[in-house]
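S.K.: The chain contents come next:
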Amino acid sequence: MEHAIELRNVRKTFGAHVAVDGVSLAVPRGAVYGVIGPSGAGKTTCIRMIMSILFPDTGSLSVLGRASALEAKDRIGYLPEERGVYRKMRVGAFLTYLAQLKGVSRETADARVPDLLERVGLKGTERTPCDELSKGMLQRVQFVGAVLHEPELLILDEPFSGLDPVSVRLLRDQVQRAHARGATILLSTHIMAYAEEMCDHVFMIHEGRKVLDQPMAGLRRQFDPRRILFEPLRDGADVSGIAAMPDVLQVEPGAGNGYTVTLVEGAEPSLAVARIAALVPPARIEIARLRLEDVFIRIVAGGGGLDEAAAALRSRLQAGAAEEARA
Amino acid sequence: MSPKKIALVAGREFMAAVTNKGFLIGLLIMPAIFGLLIVLMPRLMTSNATVVRGDVAVIDLTGRVAPLLRESITPEAIRARLERNIARALNASGVSGDAAARTGAMARAIGAEFRLVERPATADLAAEKRWLTTPPPDGQKPLALVVIKTDAVAPAAGGSYGSYDLFVPPNTSERVENELRDSLREAIVSARLATRQISAAEVTEMTSVVSQPSITVGGDVERQTATGFNQAVPFVFCGLLVFGVMIGAQTLMTSTVEEKSSRVIEVLLSAVSPLELMAGKVLGQMAVSMLVLALYVGIGVLMLSSFAMLGLLDPWLIVYLVIFFLITYFLFASVFGAIGAAVNEMREAQALVTPVMLVLMLPWLLAAPVARDPNTTMAIALSFIPPVNTLAMITRMASTSPPPIWQVWTTIAVGLAAACATTWVASKIFRVGLLMFGKPPNFATLLRWARQS
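From first to last, the protein sequence lines stand for chains Z and L.
The numbering of the first sequence is the numbering used here, which starts it at 400 and goes up by one.
The numbering of the second sequence is the numbering used here, which starts it at 3 and goes up by one.
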């Protein structure tokens, strides 16, 4: 099957700095593909090369079957990391202008704008000058600009950064809507939780190099640690019975009153949950979700002896997430 | 390159420029300043002029000049003389119209009230000189001491006419001296004529010939020559070219810097190529400049036709103005656009723009010598050296001795080649610069980008 995006051994340097180093990538049509990695990993440079805004030093790429995105610009929707609008222009006129540049007729664009604005919670802002909107509102306006021409390929660079939870949900719904329409989505984010929720395939990049490129389902299988998070209803409850269960490998104290129960290879987590709950009444019991962050750190930091590097990386990722939360 | 996208970019650029309040103000400010100057200048000069008052002491060794000087030094006589002189000067320079009104205004502007104090012929010169520097506390301000020599009215046998000595205190205005000299001249000439029983009025009448303006004969129409018009045309055309180019090119730079600093550029580049963006912006601003030029030329033509002077203007000049405008505009606009794309904010653009501006202003500063002598080596050389060639050439073409046609076409050819080369280099800088953020570039960086891309 023809891919929506293909990068073949692409390399890009800025002076002495190697931003992207020999990256290959194939995004199938109709996929929701997540490009993840910490800030400065090379995500935006990759996306800019896909968009033909930057050109690779070596390697080749194709987008929607063309050798360059320049030949398929009208079929691509793009929300860049650097947001910008014409400050003096009215929202409606700005969006119509963008859509016209993408080959949509003025009439069609004018008809679509109010509906899309309403969907992202900006009903009735068509006549408002862009400089009267808040940063978060402008980000949603730009999102509308990226989907207004109903592109086959939607490239979103950090689409949720700086948005409040309600706006994040509104945009996520629109991404899913575009996906349902058949569009291929390429989504870059340094907040891995978003990628976990939305993507069916993740591509991890670290210091310009690809470190992972897998479907989420396979990732879950491969990295599933078979862990159960358990918190007894009564403080100081005896959990020694759990450790003695045949499915259980070990029981470790976790945060607060909780414990992390690790199962043996081949154990069925859902059965283990039922058994544990029957043994010690739980306040909370759940199968630990796969965390991309953990996968990422495990890949980057390697097997062992790199605890320090792993901790540094974790704090970097968490700092990024905290910053997002503050914004 | 998609012509449709270029047209869309150009359309937005045009609308954004002409619907801006600043544009309207900029459009009106030039004619407004000109109008204000024309209306206000004479008034400002009149209201600020002060009347000079003071004493003029005369030691008349002839005994015949002082009474006549008393008449020629009165404020009325001074004013009448001034009006005559100004009228003569204006007449000679060919300025007509409201010349009379202006003479009146200017004559009124220079006021003098001299009081003549006669000293005996035997007066002590040294004491009189002291009077100039140390005036009596109750008297008027001493302005001058005049000693009319004995042979001023009747020459000694075999000799020529004598004159006078004029002593003034320090910091005497030249205007006072000139007026005194004129009054003295009039009085002495009258005294000399009187000794030969010739009437001074008769001599004045006999020696004055009213000079007449020339009539320009052009085909079947004849009209009074407007000398001032011919002198003004080169400046007007050179100015229109400079101003038209500046309006478009500068707005182009500002809008590019804005697109870059507001980061809207990346969204645009996801829809259009850098070259399409640049082409659209250059064309959009060109339309703005053309609109401004059309407006100014239109107003000019209307004014000329209302004075029935339209026939004085060669319509081909306007055609060449448009051709030269297009060449000059493309050259400068691409440079301004590249600078706009290269910098992060307007402040950084200033350092790069100033030399370009100076180059654009140079022909305007040289317009006077080029228009006066349009066929000097300098004028001819300037009209072949881009980027000032078109500006120098339009000045020469609008002058009274236009250059041969081969020179005009050479200028156009050279200009076109320069515009193409500049646009080519600028487009490379534009492409690289658009997504470069950080350290503001210098000219060396710009050239490196051009080579790189």
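Because the hints were derived from the structure by calculation, they are not lab data.
No experiment lies behind these values; they were computed from the predicted model shown.
Backbone N, C-alpha and C define an ideal beta-carbon position, used for all residues, glycine too.
Heads up, a few of these hints could be off.
[Claimed, not checked] Output of the computed footprint for chain L on chain Z, the stretches with three or more beta carbons under 8 Å from beta carbons of chain L:
{"no.": "1", "stretch": "447-459"}
{"no.": "2", "stretch": "484-493"}
{"no.": "3", "stretch": "571-578"}
[Stated by the list, open to error] Derived contacts from chain L toward chain Z, CB cut-off under 10 Å, selection only:
{"no.": "4", "residue": "Pro5"}
{"no.": "5", "residue": "Leu10"}
{"no.": "6", "residue": "Arg14"}
{"no.": "7", "residue": "Val20"}
{"no.": "8", "residue": "Asn22"}
{"no.": "9", "residue": "Leu26"}
{"no.": "10", "residue": "Leu30"}
{"no.": "11", "residue": "Gly65"}
{"no.": "12", "residue": "Pro69"}
{"no.": "13", "residue": "Arg72"}
{"no.": "14", "residue": "Glu73"}
{"no.": "15", "residue": "Lys262"}
{"no.": "16", "residue": "Leu270"}
{"no.": "17", "residue": "Ser275"}
{"no.": "18", "residue": "Val427"}
{"no.": "19", "residue": "Ser429"}
[What the hints assert, rightly or not] Beta-carbon label-pair distances, calculated as ranges:
{"no.": "20", "chain 1": "L", "residue 1": "Ala34", "chain 2": "Z", "residue 2": "Asp456", "range": "27 to 37 Å"}
{"no.": "21", "chain 1": "L", "residue 1": "Ser264", "chain 2": "Z", "residue 2": "Asp456", "range": "44 to 54 Å"}
{"no.": "22", "chain 1": "L", "residue 1": "Ser4", "chain 2": "Z", "residue 2": "Thr412", "range": "30 to 40 Å"}
{"no.": "23", "chain 1": "Z", "residue 1": "Glu470", "chain 2": "L", "residue 2": "Ser264", "range": "22 to 32 Å"}
{"no.": "24", "chain 1": "L", "residue 1": "Val321", "chain 2": "Z", "residue 2": "His416", "range": "24 to 34 Å"}
{"no.": "25", "chain 1": "Z", "residue 1": "Glu480", "chain 2": "L", "residue 2": "Ser4", "range": "19 to 29 Å"}
S.K.: Any of the earlier hints contradicted here, and which numbers?
M.R.: Hints 3, 4, 7, 9, 10, 11, 12, 13, 14, 18, 19, 20, 21 and 24 are the ones this structure does not satisfy, whereas the remaining hints hold.
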